[in-house]
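Could you put together the complete structure from these sequences and hints?
Protein chains in written order, with numbering that gives the first Met the number 0: chain A, 0 to 157; chain B, 0 to 157; chain C, 0 to 157.
In case anyone wonders, no lab produced these hints; they're calculated from the structure.
Treat the hints with care, as some may be off.
Since the list can't tell identical chains apart, any single copy or any two copies may satisfy a pair.
Said to hold, decoys possible - Computed cross-link-like contacts, EDC-like style, restricted to lysine to aspartate or glutamate with a CA-CA straight-line distance of at most 20 Å:
no.	residue 1	residue 2
1	K148	E23
2	K148	E48
3	K148	D113
4	K148	D46
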Amino acid sequence: MTDEAALRRGIEDLFAAYVECIDEGRLEEWPDFFVEECRYRITSRADHEAGLPHGVVYAASRGMLLDRITALRQANLLEPHHYRHIVGPIRIRSVANGVAEVAANFFAARIMHDGGTSLFATGRTLDRIAVARAPYRFIERLVILDSHKIDTLLVIPL
Amino acid sequence: MTDEAALRRGIEDLFAAYVECIDEGRLEEWPDFFVEECRYRITSRADHEAGLPHGVVYAASRGMLLDRITALRQANLLEPHHYRHIVGPIRIRSVANGVAEVAANFFAARIMHDGGTSLFATGRTLDRIAVARAPYRFIERLVILDSHKIDTLLVIPL
Amino acid sequence: MTDEAALRRGIEDLFAAYVECIDEGRLEEWPDFFVEECRYRITSRADHEAGLPHGVVYAASRGMLLDRITALRQANLLEPHHYRHIVGPIRIRSVANGVAEVAANFFAARIMHDGGTSLFATGRTLDRIAVARAPYRFIERLVILDSHKIDTLLVIPL
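The following block contains the structure:
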C-alpha cells in the first residue's frame, strides 16, 4: 500500500472500531479512542453555523469522557436502549504534522428495549486525528447533529 | 494491490453484489453467494447475547436457501415490497485457513407497494467467508437484528 | 496504488464530495460535478422498470442544472430543510473509453426547520462518469427512487 492508502485504511479502521465499541455497548472502552488531551463536543448544525462555541455535550479531556461513562453506568436512569451507526465514506481534508482532518456523514438508529426502532440522529463529524503512529486516536471530535431537537435520551456517546 | 488490500476489496465486492442481488429482487441468485455446506441464520440481539442457538430464520445448506426462495415465489402471499440496504464499513476480524471472519453494520429500509418507506431493520452481520479463491462465498452468515420485534413480513432474505 | 485502485478512489472521492456539496447546502457548486453535455434524471423504480424514459426531474445540460438552482434560490418557496445522505459501497460495472459505469445505493434523510427528521428517500444511482482525467465528472446521473411517492418537496438535488 502507498502511504496515502495506508493512512486512509488506518482512519477507516479507527472509525469502524469506534462505532462497533459504541453499538456493542462496550462504553468503558470508548475513551480509549481519544488522546489524553482531547476535546469532544456534540452540537447542532444551527449552533455550529451560528459560530456558537458550546454544545449539548462537551468534554475537554479523556478523564471527562471516563467520568461521563461512569456517571451513565451508575445513574442507570435511562430506559435501556442502544444505537446502530452507519458511517458514510470519509473525506480526508488535510494531513499535516501528524494530524489528519477528516469529515464523515453518519446516521444513528436508536433501538429501545421494546424493539421500537427509529432514525435517531443524522449529521456529520469533523475530526482531528493523531496519525503519526498506530493506533490512531481522536484529538478532537466534533459531532454536528442536523437537528436541534436534541432528545433528552442523548446519553450514549456518538 | 497488496494481498491484504486485494482481500478487503474482494470481500467488499462480495457484500456489494450480495446486497444488490437482494435489493434488485433477483432472489433466485441469492443462494449462489453461499458455499454448498453453508449456514444462514437470522436472530435477534437479545437472543444472540443470551446464547440462544436458534433464530427466526435458519438454513443449513444451499439447498435450504433455494427451497426458501422457491416457497416465497410460489406462495406469493406477501404484500409486494422490497428492501434497500446500506452496509457500513466492514471489519475483518481474522483470516486463517482460507476463511475470513467479518463484521459489518447494516440498515435495511422496506418500501411497500404503496410507496411507504420505513427503516425496517438495523443490525450487524457476522460472517465466515471462503476467501481461498475467487469468487468469495459465504460459509456462514449470521444476521443479528437489533430489535426483537421481528416483523411477520420478514420473508425476503437479509 | 494500482490503476484500478486509483480509479476506485477517484470515484469514491467524487461521490463523497458530491454528497457533501448537497448536504452542506452549497447548491451553486452542484452543477460543477457534471460535464457540460450531461444528463440528470430522477425517476422511480416502477417507472424505470417499466422502461419509461421520463422522470420526475430531468436536465440535459449543465446549464439546465444551473437554472434549476437559480430558480430554487429565487423562488424561496420551500420550507427550509436539508438532506443528509449516506451512500453505500460503489459497484463499478464497466470502464471503457474513459467512461466508468457505477451503481450505488443511497439513503437520504430530510431534516426540516423544526428539527423533524425522516428517512426521506432510498434508492440507487446509475452513473456514467468521465474518468479519463481528473477531476472526474458525471456524464449521466440516473437517480432511481424506490418509492413512487415523490414528495412535493423534492427540490434539492439528489
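Each hint, compared with the structure:
| no. | hint | result |
| --- | --- | --- |
| 1 | K148 to E23 | between (25 Å within a copy, 19 Å between copies) |
| 2 | K148 to E48 | within (16 Å within a copy, 32 Å between copies) |
| 3 | K148 to D113 | between (23 Å within a copy, 8 Å between copies) |
| 4 | K148 to D46 | within (12 Å within a copy, 33 Å between copies) |
Going down the numbered hints, you'll see the structure goes against none, and every one checks out.
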